[in-house]
Amino acid sequence: MLAYTLKRLTYIAVILVVMSMLIFWATQVMPGDVAQMIVGQFATDDQIRAVRSRLHLDDPIHVQYLRWASGLLQGDLGVSMMMDRPIGPLIRDAILRSAVLAGISIVFVAVVGIWLGVYSAVRRGSKTDQAISIASYFFISVPEFFWAIVVILVFAGMLGWFPATGYAAMSEGFWTWLQHIILPVATLVSGLVAHVSRLTRSSMIETMQSQYVTAARAKGLPENVVIRRHALRNALVPTITVLAIDVGLLMGGIVVVETVFSYPGLGRLLIFAIEQKDIPVVQAGILSVTAVYALANLAADLLYALFNPRIRYGDSLAR
Amino acid sequence: MATRWPASLVVGASVFGAVVIAALLGPHIAPFPYDGMDIMARFLPPDATHWLGTDEFGRDVLSRLLYGGRLSLLMGIGATLVSLVAGVPLGLAAGYYGGRVDETIMRAIDLVISVPPILMGILILSMTPPNPWKTALAVGIIYVPIMVRLTRGVTLELASEEFVLAARARGERAWYILGAEILPNAWPPIIVESALRVTFAIMLGAALSFLGLGVHPPASDWGLMIAESRPFIDSAPWVALAPGCVLCVTVIAVNLMGDGLREILDPRLKRGRG
Amino acid sequence: MSEAVLSVAQLSVAYPAGDGWLRALDDVSFEVGAGRALGVVGESGSGKSTTALAVLGLLAPEAHIAGGDIRFKGESLFALPDAERRALRGNRISIVFQDPFASLNPSIPVGRQIAEPLVLHKGLSDASAGAEVRRLLAEVGIANPLQVALAYPHQLSGGMKQRALIATALACSPELLVLDEPTTALDVTIEAQILDLLEKLRHDRGLSILYITHNLGVVARICDDVCVLYAGRVVETGTTQSVLRKPRHPYTKGLLASLPRVAERKQRLAPIPGRFPDLAAPPPGCIFHPRCHFAVERCASEAQTLTDDAHAVRCWRADELADAAWQAPAEHADVVTERAVAIQGTLPLVKVVGLSKEFRLGGMFNSSRVQAVDGVTLQVAPGEVLGLVGESGCGKSTLGRMLIGLIEPSAGTIGIAGGSPQNNRRAAQIIFQNPDSSLNPRKTVEAIVGRPLVLHGLASGGDLRTRVVELLEMVRLSPAYLSRYPHQLSGGEKQRVGIARAIATSPKFIVCDEAVSALDVSVQAYVLNVLADLRDRLNVAYLFISHDLSVIAHIADRVAVMYRGAIVEEGAVDEVLGPPFHPYTEALLSAIPDVERASRFQRIRLRGDAVEQDRSVRGCRFQHRCPRKIGAICENETPPVIEPSPGHRIACHIPLGNLDTTLVAGNAL
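Those protein sequence lines, which keep their order, are chains A, B and C.
Here the numbering used here is used: the first residue of the first sequence is 267, the next is one more, and so on.
Here the numbering used here is used: the first residue of the second sequence is 228, the next is one more, and so on.
Here the numbering used here is used: the first residue of the third sequence is 364, the next is one more, and so on.
None of these hints come from the bench; they were simulated from the model.
Predicted model, so just to flag it, every value in this text is computed and none were measured.
Careful, some of the hints might be misleading.
[Stated by the list, open to error] Rough simulated footprint, nothing fancy, chain C against chain A, three-plus residues with beta-carbon under 8 Å:
hint, stretch
1, 468-478
2, 492-500
[As the list claims (entries may be wrong)] Some, not all, of what chain A presents toward chain C, calculated at C-beta under 8 Å:
hint, residue
3, Met-287
4, Ala-481
5, Arg-483
6, Ala-484
7, Lys-485
8, Gly-486
9, Pro-488
Even glycine gets a Cβ: it sits at the ideal position worked out from N, Cα and C.
Go ahead and model the full structure; you've got the sequences and the hints to work with.
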């Protein structure tokens, strides 16, 4: 298990190196001249040249890459061109704020999604099951950005319960913080809860039809024990894989939601940086998202192993 | 064999068909030009002339919706085609040949997968000026790994089926085995997945446009229309709601279609005595 | 007769199918007497598993009980409220299912699963339940109960799992034990162990048993009474002795006549022709009449009822047919019984020398190597049938696939008609095991059978269809099948299409890889006859791979016995099936549950299971399970090949004289 984790971490490192090259190369061909943008439209050629040489923009691309990469390894992510601030703290704060959003959402998705899925699988064919099915169908089909706008329209505009956009730190008071985070979370989780509950439902139904569940019933166990002890745990194994995929979807959602709600997280920073052609921020941003994503996938795989004794205990007892 | 078409397929296909036809005929049936501004007619609520109202430049929402549909559907269907054309052959090769071919393809796929989908889109689209074909291509590339994995999985399963072994035993060439023995049996799950991909691609394409990475004004797709109407959501909600609802209805229709297809194509339901 | 523990009366169960109902059980009645074992026998679709589930009250929710009653100790089970019904399950009535690999929850330690009924029904504490579990595991013959109780299911072999499941079923000392094909998923030597265990438990505990199976041999070993099911109807019931010795119903007669037997291997098989009826629209009159060659007009019009004598039968002609034997269908009459072809002396068609195959297994956390085939040398003469017998995982399929070029060998050479398998595709073909997987579901029978002809340029245009029709004729399918798709065929028909495809290129050599193993007995007999017929008409040689020694004995000229990648004994059928034996061959033979009950062989049981417990190839590979291991020499030295008679080879350290003598003792006649 330890060896496996190490192997995976090495692999993640390799992926990050390859990605860093790719990102670096891709951002270099981004349209627009950075120097031009920094000094403004009416700058002289001399001014532009000065900026170019200050930022080493005239060096060959591999030299630029190596300079950037060695900086990365020393924890130096560079300096934002537009904001003229070191990127490290900028990204760290953004990641933390995004992580709060993502963390709350993924916990909510896991708990509510799994619960709904199990509930409708057990009451398969009932009115509740049908209602949950139809609702999840609907929520899966509504894109986050549209959902965000509708939520703002209803809860911020018409009802005035929550602020439409913005962010409040926990230090400004728990209630204020909660008010600001409730709509983004609601937007993020709507589709994912539906996704997880649908998959949990089908995996649970499949498990309930397995031979060992019949065998458990044949022992005379009451149905709730059969479900809790025998079906649930095995049905959750595929759900964990799905949750890992959903982390990717969640990240896509976060970019959109942060933009719509003006939530100062990594996604909004990234979009802002792209709009402003702030290349160092774009590079560092994409690389950190990739790293977080890879680690989330590793975590999901380890969790999967935890739920699956076949992987935990390999050796056979047969003599 | 008398097949009873599932209701979900009938409903989904007719709604989606209607949307596609409306989008195709868009330029001919739209009551106004999609970029025809009229300062005097800003933010008109829906009425007899402007069935879905007008936006902040006085442009007819219905007309823009019809034009925008072309781009949104183009991105959805185009992206899915891209992922099919690139993903299915790669998946077939990886699944059938295994070994080093499989290893190479899957490592490359892992690399693409290690980037969250929307970032991949951002990465591709931020490189050069946006246009809808490129969005379709970008979204398509994002979904290539999923198609490869799916096709590879199905191929692996089919490659160990005895009828494929029999074909190898009589000395068939690889292209015949892949094309005539494996592919015809691999289509059902691929088609079902493609339907699902169309919905995801429409939504992702719209999301990218929404973020300003897709089409550029005054051209319009549904995602961009929603983005443009965002500042006026309180005063003129119809400008956002119209494209949003059409988007949702389209996605639901394609989802229904996918479910219906699954029902009639799922080999597990079909196997059994005759 | 004392009061029955279980009595099923006029039970009818239906499942919704399309617009109507599928009658899975129709008017089924039987009784399990106290301390007796009743075997419910039937082929697939007979409704035997539905019966088991109905007794336990575990029918799927969509199943509809259309009539009848099930009484347990005189009390109607259908009248009981759910809670009381549940209190019986796993307590006074318990069940062991067919597939031990699927019946244990993969994520819970085995001991805790066995303890569940004890805690639930007997109110035992976890600690005392744990002690009881270890006692039960020891009772069912597990050598290391403590370790096994703590293990997860995937760490146990199939045999150990089934023992654990039997322990679960016995935990609360049930009054009725239902066994639903408990040995079908297991290898024959493991099956023999489990049957021994069941016999012992039955006598130690005085269990009443309802034993569901398709295997008449198992019934003969375990059961006092037998009840034969066909298409959801009881066609015959009585004591095992009388039903198997003097069957009264044509179906039972046909079933017995379809059974290949080691003891009477030269006898012709007489299969039951036709197809299993559609239970959603059953034929009028006697349900069996469309397949019955005794049927007369009255059989098609008059529904049959079960007589109420001790040996009951559902056939109005039973008495007049008392002495009539089941006849092979007319088209099987021309099958040659005795081989006339002289095989000795001709040049070998297939020549294999030192063939090996090593597989690499990649796991998530580790990878390992498995030597699937290890230095096999064998020959097949033109027109000869070489039977290859062995248990699952012994490498017999890998060997077969190497011979037709589907798998690259790691070492060794293969010569087929003077060439390699790769450049001799037409000459060497294969017939597979699984009828559901061997035909491309998207192609018609014509396309499937015609493709080899097109590929090798053997026929085209109008000629093609003529040739395909000819090929179908050879496997006894009419031209009406040309346009059908595989899902419109029955299992036996699919298998025959597979055979037609294999013989299309007029091969000289065909690998039959478990070609009849997935088929019901009556269908299996039909396909075996087809294969025997083709062998003689086309002078084609077979490598006939099977785990079933009775089938091999029936069709093969020579037999090779394979164990863990190597051939341990090889020779003419009579030589291999008679002493002197390799100890493994001897164990295989003695493990076959024989309908005649009076087995010619002493009961020889192997220890443990054939899993790769020790990957080192030192010494004899059979040493770990060998009941006749003679000492250190078996562990350290590769056994020598001894040749009791020309062509009969045994790889064993035991001196020939000893191999010859010890066996016949105690069971002559």
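Comparing the hints with the structure gives:
Check result for the stretch 468-478 of chain A against chain C: holds, 3 residues qualifying (beta carbon to beta carbon below 8 Å, three or more required). Counting residues of the stretch 492-500 of chain A whose beta carbon lies closer than 8 Å to any beta carbon of chain C gives 4, which reaches the threshold of three, so the coverage claim holds. The beta carbon of A/Met-287 is not positioned within 8 Å of any beta carbon in chain C (closest approach about 29 Å), and the interface hint is therefore violated. Of the supplied interface hints, the one on A/Ala-481 holds, with its beta-carbon coming within about 5 Å of a beta-carbon of chain C, less than 8 Å.
Taking 8 Å as the C-beta contact cut-off toward chain C, the hint placing A/Arg-483 at the interface holds, the least distance being around 6 Å. Interface restraint check for A/Ala-484: the shortest CB-CB distance to chain C comes to about 5 Å, inside 8 Å, so the restraint holds. For A/Lys-485, the interface hint holds, since its Cβ comes within 8 Å of a Cβ in chain C; the closest pair sits about 3 Å apart. The closest approach between the C-beta of A/Gly-486 and any C-beta of chain C is roughly 4 Å, which is under the 8 Å cut-off, so the hint is satisfied.
Contact between A/Pro-488 and chain C, as hinted, is supported at the beta carbon level, the nearest pair being about 7 Å apart and thus within 8 Å.
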